[in-house]
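Construct the entire structure; sequences and hints are all you get.
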Amino acid sequence: MSYPIRKNARIHLEAESAFAINSGKVGLIRDNEILRDSNGLPYIPGTTLAGILRHLSGNLEETAQVFGSGGKDGEGSKVMISSACIIGEEGLVIEGLQSLPQTDFYSHFQKLPFRDHVAISEKGAAVKGAKFDEEIIFKGTRFVFDLELICNSAKETSWDSLMDTLFDPDFRIGHGTRKGLGQFKILPDSHQVCYNLNLEEDLENYLKKPSSLNGKLPGDRKQINSLENNFDDYQSEKIELIPVNFFLFGAGFGDMDVDHTSKREKIVSWVDGKPKITEKEFIIIPATSIKGALAHRVMYHYNYKTENFIQSSKGSEEKDTSMDIELLLNKLQSLSQETELTEETTDEKFSAMLEVISNFQFDQDETWITYEKNLTNELDHRSRKGKVADQSKKVIRDLFGYAGDQEQEQGQGQRGNVLVEDCYIPYQEDQEKIFNHVKIDRFTGGASSSALFQEKAYYYPKSISLQILVKKSIFDLDPNYSVAWEKAIEELKSGQIPLGGMTTKGHGLFKPLNSQNS
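In UniProt numbering, the protein residues as written are 1 to 518.
To be clear, the hints were calculated from the coordinates, so they are not data collected in a lab.
A couple of the hints might just be wrong.
[Claimed, not checked] Mimicking BS3-like on lysine-lysine, the simulated pairs with C-alpha atoms at most 30 Å apart in a straight line are:
{"id": "1", "residue 1": "208", "residue 2": "155"}
{"id": "2", "residue 1": "462", "residue 2": "394"}
{"id": "3", "residue 1": "111", "residue 2": "25"}
{"id": "4", "residue 1": "433", "residue 2": "111"}
{"id": "5", "residue 1": "505", "residue 2": "128"}
{"id": "6", "residue 1": "238", "residue 2": "394"}
{"id": "7", "residue 1": "305", "residue 2": "179"}
{"id": "8", "residue 1": "111", "residue 2": "131"}
Listed below in structure tokens is the structure:
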């Protein structure tokens, strides 16, 4: 079968957040190192892009025919995707092995920033063995890649669907996409061309198509735009907060002055089509901090709604059934003592005792009826409480996802249905303050040995914008999901949830933007 139609696109991407594509290697300094090309610069493999597009195009009627399938009757993919190469200091794509100049721009990519991660237990402490760090690539980094589809008709609908996936909120590259990483946007420089190889002019343009990503596709170029609103499947929450005082989203280490500092990163800025690493750093409010606080409040409101309390629910009080059966046994013993037992051997007395029990009318005795009722209520309460406890964990798994090695469900994890964005705040040294802490020895009244520490907290006098997306379809699983989510979001909007570290010391308090209280 011939495929005379060639649909081509040259896609320009810009990272709207930091991101990471792991190489699978563990470094001497970092637990997870990023994937690098022959020049030591980050790049995005074509296989990564193909996997993302195929996954997001799951609604295509003939996905397997477009992306190929394996097996005896399988066929190759009709989609061809190049790797995405980085745009260098001169505004040109870095392709192939090159001798790069020793400038500050390229040196920054040799020593990339990193993020610390740790799993927090229900006790508020780190889970053993769940602390690790990873390299990340600067926000603002740009890449370019080629996309081509071979087909029979110029009106191939699968191409339009592919273009739409580029604007899908789920189009995030790399890992940790539910932790604020991997968010990209399509730049206006992106363009597409349709070639009909049966036409001489199109055939000539197709043969002239440059293999270099620095060139432009010949022919009638059109800008790539989304044909539909891809946010219809999501409920968007934009939250504007103003810090009441100082806050601290810790870096996990200190500096020459203090033991704890705020997490800061540089980004890539663009001037006249050329990149530059910013001189000043930005304070990071990681999406993981917002996500963690939100998850705890969703769990609380869901438990409250379903009456899953530590103490027994009203009408389901646990009864001490052992007292009821003790009363019954005492009653049977007294009956046997009142019965004339002429037998002298132990066996004969035991047989007489069994006869008393067998002739006893349990269904008419109030003590036995009370015992049966209390026992049934206790078993029902324990069963209901167990089911509710399992369901309260399920709301977190369904909304925020879970790791495969933490579950017994065939060992597979599930990514979350909540998207939270990192927040970048311009850093000003004069808006930072050192707080000193010391543990007092109650016997001497002086400082305890090795118990003095400090942190640098930050104050930002302007509003902070948080963007949160949640898939609407997840609320169809349980109507209580929506109730718990809305209440948690309302608390976040009203500033009732402290954010960041050391909230028990007064840090991390916020108020809504429209609040009249100072």
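Would you mind confirming whether the straight-line C-alpha gap from residue 505 to residue 128 stays at or under 30 Å? Given that 30 Å is the threshold and the Cα spacing comes to 25 Å, the pair holds.
Hinted pair, alpha-carbon criterion (30 Å max): residue 111, residue 131. Please report holds or violated. 21 Å, holds
Within a Cα-Cα threshold of 30 Å, do residue 238 and residue 394 meet the stated pairing? 26 Å, holds
Is the straight-line distance between the alpha-carbon of residue 462 and that of residue 394 30 Å or less? 37 Å, violated
Proposed proximity, residue 179 with residue 305 (alpha carbon, max 30 Å): 27 Å, holds
CA of residue 433 to CA of residue 111, is that 30 Å or under? With Cα atoms ~28 Å apart, residue 433 and residue 111 stay inside 30 Å; holds.
Run the distance test for residue 111 versus residue 25: straight-line Cα separation, threshold 30 Å. 16 Å, holds
Pairwise hint evaluation, residue 155 against residue 208, where the allowed Cα distance is 30 Å at most: Status holds; Cα separation ~23 Å.
The structure fails hint 2 only (numbered hints given earlier).
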